[in-house]
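**Q** Line order of the protein sequences matches chains A and B. Just so you know, we're using this note's numbering here: the first sequence kicks off at 1 and counts up by one. Just so you know, we're using this note's numbering here: the second sequence kicks off at 232 and counts up by one.
In short, the hints are calculated from the structure, not lab data. Just so we're clear, the structure is a prediction, and the values are computed from it rather than from any experiment. Using N, Cα and C, we set each Cβ at its ideal position, and we do this for glycine too. Worth double-checking, as some hints may not be accurate.
Part of the chain B face toward chain A, derived, beta carbon under 10 Å [stated by the list, open to error]:
#: 1; residue: 401
#: 2; residue: 524
#: 3; residue: 618
#: 4; residue: 636
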Amino acid sequence: MSRADLAAGKVIRLSLLFRVQHLLLTVLLTVLAVTGFALMYHENSLAQWIIRMEGGVHNRGIVHRVAAVLLMANLVYHVFYMLLSREGKPEMRQLFIGRQDIDDFFQSLRYNLGTAKEYPRFGRYGYKEKFQYWGASAGIVLISLTGIMLWAEEFSMVFFPKVVLDLAIVIHGYQGLLAFAVLFLWHLYNVHLHPSVFPMNPSWITGKVSAEWLREEHPLEYEKLKGEGLL
Amino acid sequence: MMRPFLSLAVAVAAAVLFLTVPAGAATPGVGECMDCHGDRTIEKSLPNGQTVSLYVDLQAYRSSIHGGSSCVTCHVDAKAPHEKLKKVSCGKCHGDAEKSYAGSSHGKLRAKGVTDVPGCDGCHGAHDIRKPKDPAARTFRLNIVATCLRCHKDRAIEQKYNLPDQKVMAAYEQSVHGMASKKSGLTGSAVCVDCHGNHAILPGDQPRSATHRQNIPTMCGKCHPGILEQYEKSVHGKGMRAGIAESPVCTDCHGEHTIAKVGDPSSSVSSRNIPKTCSGCHEKEGISTRYALPKNRFSSYMDSFHGIAVEYGMTKAANCSSCHGVHDILPSADPASTVNKANLPKTCGKCHPNAGPNFAKGDVHVEISPKKAMGVFAVRLFYTIFIAALVILFALHVGLELYGRWSRRKENAPGGKEGQS
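Only chain A is shown next, with the shape it has when bound in the complex (with noise of 0.2 Å):
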């Protein structure tokens, strides 16, 4: 952190190599979203129209599956980096969910409810972003794997029957519309929409926040980078 950084009472909550690595997830999943949600609703008009423009079937296929390739590089590298790396290592420990996330959400129920007084004292991650997180992450492997299959459908007519591949097609499709709901609806509304962040928490761009947000919404952070004379 820069002085004029803390001077600003900013703080750097992403680096530049997670802003890549999200900004990436950005892109390619909207790119699979619009290529594949329009293969999954056919019948649709506005899905007729979009495969239409990106040059038919075959050429939906093979921009849906450059994506994907993408993604998963992505993926394997963020594995990497989180399990090897010296800025990965620590962020991975904070990630894991552990029994006071869940008592922190039932106390944020209770908290709005008016049957707490405090509200829930998170560390440098929430529960919500941690089920964000993992959600995100089972739901990439899941659908990275039953993607594989069905690209690799010549090798997987080896092993499986039939009935497989047409659950690989089911689970697939689905698991992207569970990742669409959890994206569209509960990412974007935490970080564009909440009252804390309205219109938009800036570190995804900057990889900055306000020393006061932290303090509101992640106190136990903020406290930890005040004790190590951080802030």
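Model the placement of chain B on the given structure of chain A, informed by the hints.
**A** Structure of chain B alone, referenced to chain A:
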């Protein structure tokens, strides 16, 4: 002494007599007929005020198939000069043709005195009749379409006799048969008479018509015998021969005047259109019920990757005929059927070499219902409920958060409950 003189005198007298007797008294020769009919302006008036040319092109007559005969061979009552002649009877020589013509739509109307349907001359011409093999003949294979269309492209005639409209006729010219004869000049390609017959032409709804449903396979088989052989063995061919009228014949899949090559995207049997063509019957409730066929074959295909790919122009993807066969379609229960369980690995293997017996387990057409495809149904149901539940929980969580903020702000507001703007 007298005898030679007498005979000469008789001969001269006979000659004089023959030359001076009015021509009408004996049968006239071609030259005499042409004295009048060689005049381009000769014509007669009809009661309705129209005039008809009576000119005969001697050149055309001489080069016609009948050019070696004389006028009176056909115009038997012709004298020179003469009034209105009797109708020419071609049947005098062409008895068979006349007989089958008499049973045709054209012949029946003609017999009733209708004059705007073709008699013999309507198609063959009158004085210029040539052999059908002669490229200049109106009945030469490459000229037949034009000959028929002289009347069958005429709107007034179409309406009067309730005939198919011009579009149907025009479609033939764009069809594979029409293009082969018109564009490529092939005489082997089907022209009107090959399907409809010539002298005995009848509408397709009459059992004796060449184009009646029951006669169509045999009729097409005249030129496509190999296909007919396959078709006869198929479930459709057997059904047809058993008298099941709704069992498809050639034209049900291929069309009639519109027949196009399989590779032509406009063809009803092109890979893009085949699902629609087959489902014309196979998506009908009645057909499935009557013949105890599985239902929803079309919708389940169209929802499969094959169906979507074909719909969006990937002609490589499997259509109905890729798996079920074309002219040789058999029910899946038949051991010879391409979609018999035992043959599926081979059939799938045409495109997917790795698809073995293991792959071919289970349904190919996936109907998503608990009975037909429990696994797919259950997974889809699970996801639907899971996603719906998740969305509801999100909404509740967001709502609760907003409610909490709102209620806290009210409590903390300095001006009491109404103090907030």
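**Q** Each of the hints needs a verdict: does it hold here or not?
**A** Quick rundown of the hints versus the structure:
1. Among the interface hints, the one on residue 401(B) is violated; its C-beta lies about 30 Å from the nearest C-beta in chain A, farther than the 10 Å criterion.
2. The closest approach between the C-beta of residue 524(B) and any C-beta of chain A is roughly 21 Å, which is over the 10 Å cut-off, so the hint fails.
3. The interface hint given for residue 618(B) is met, as the beta carbon of that residue sits about 5 Å from the closest beta carbon of chain A, less than 10 Å.
4. Interface restraint check: residue 636(B) against chain A, minimum CB-CB distance 6 Å, threshold 10 Å, status holds.
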